[in-house]
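Starting from the structure of chain A, add chain B where the hints point.
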Amino acid sequence: MNKQQRNSEYLMYVENQSPKSAWFTSLLRAFIMGGTICCFGQMIGDVIKSFFPTMDILTVGAWVNISVITLTILLTAFGVFDLLAKYGGAGTFIPISGFANSIASCAIEYKKEGLVFGVGAKMFYVAGPVLVNGVAYSMIVGIIYFIISLF
Amino acid sequence: MEAILMYLKVFAVGGLICAIAELIMIKTKITPARILVLFLMIGAVLGGFNLWTYVIQWAGAGATLPIIGFGSSLAKGAIEGATSNGFFGALGGGLAATSAGIAVSIGLSYLICFFTNSHTKKN
Chain A
1 MNKQQRNSEY LMYVENQSPK SAWFTSLLRA FIMGGTICCF GQMIGDVIKS FFPTMDILTV
61 GAWVNISVIT LTILLTAFGV FDLLAKYGGA GTFIPISGFA NSIASCAIEY KKEGLVFGVG
121 AKMFYVAGPV LVNGVAYSMI VGIIYFIISL F
Chain B
1 MEAILMYLKV FAVGGLICAI AELIMIKTKI TPARILVLFL MIGAVLGGFN LWTYVIQWAG
61 AGATLPIIGF GSSLAKGAIE GATSNGFFGA LGGGLAATSA GIAVSIGLSY LICFFTNSHT
121 KKN
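Same order as they appear, the protein sequences are chains A and B. Using the numbering used here, you'd call the opening residue of the first sequence number 1 and step up by one each time. Using the numbering used here, you'd call the opening residue of the second sequence number 1 and step up by one each time.
So here's chain A without its partners, still in its complex pose:
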């Protein structure tokens, strides 16, 4: 039996053994979880707006982001967020809560390896690519806009 044939047979075996996830159910769960998190954020925004009616929409948005991030990190610390993530799939990591959770859970996970190369470095295992790409894109957009505005 040559190597290629063996590899392809093994891949077929893995395909057969891995559980067939009911994809419609997980789509529905992601929809419900994502919608719930966003509604929760909207609720925080409405409460803040009722206390400070003169606040502009961007500042309210920043406060909503900070509240959701803080709550996510606390839930991650208590181990509750893992259960939500297991249920919601993409519904939990596409909102900003996923970004916060990835930093917090990596920080807790790699605490054993020390504060500098454990927490400090591996905290950004998932969030690092997001930050690096985000900063790079925003610089590109800014420079393009700056050049256009010169003419």
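Calculated directly from the structure, the hints in this document are not laboratory data. Incorrect hints may appear among the rest.
Stated by the list, open to error - Pairs of lysine to aspartate or glutamate residues, derived as EDC-like cross-links and limited to a Cα-Cα distance of at most 20 Å, are as follows:
#1 B:K9 x A:D46
#2 A:K3 x A:E15
#3 B:K29 x A:E15
#4 A:K49 x B:E80
Here is chain B on its own, set in the frame of chain A:
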């Protein structure tokens, strides 16, 4: 009545974005981190052309909370920096607009890891 309609819009838009991500993840087996970066890129493009603002006005937190909103506020911050502070604003405006969220995520995670231990080892 208007408030209920607003919440329905928030739920629909936020849920739909997450469902699209889930669908991409199931059908193509792309890892979550790559999907985050992909959606961030979409958000930066939409924010750069100032299109996501209309969705934010229509659906509120349903558009700002997903990572697309993060990307669009990075791009919009860079544009605002370029108009008010010139070249240095263009370089740093994106980070300035999102700095509070990033700082809270990093700072609070760092603090909280002193008080908690890994939960995954227990089961």
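Holds or violated: A:K49 to B:E80, with C-alpha atoms at most 20 Å apart: violated, 24 Å
Restraint status (C-alpha distance of B:K9 to A:D46 at most 20 Å): holds, 15 Å
Satisfaction of hint between A:E15 and A:K3, Cα-Cα up to 20 Å: With Cα atoms ~18 Å apart, A:K3 and A:E15 stay inside 20 Å; holds.
Hinted pair B:K29 and A:E15, Cα distance within 20 Å: Holds. B:K29 to A:E15 sits at ~13 Å (cutoff 20 Å).
Going down the numbered hints, you'll see the structure goes against just number 4.
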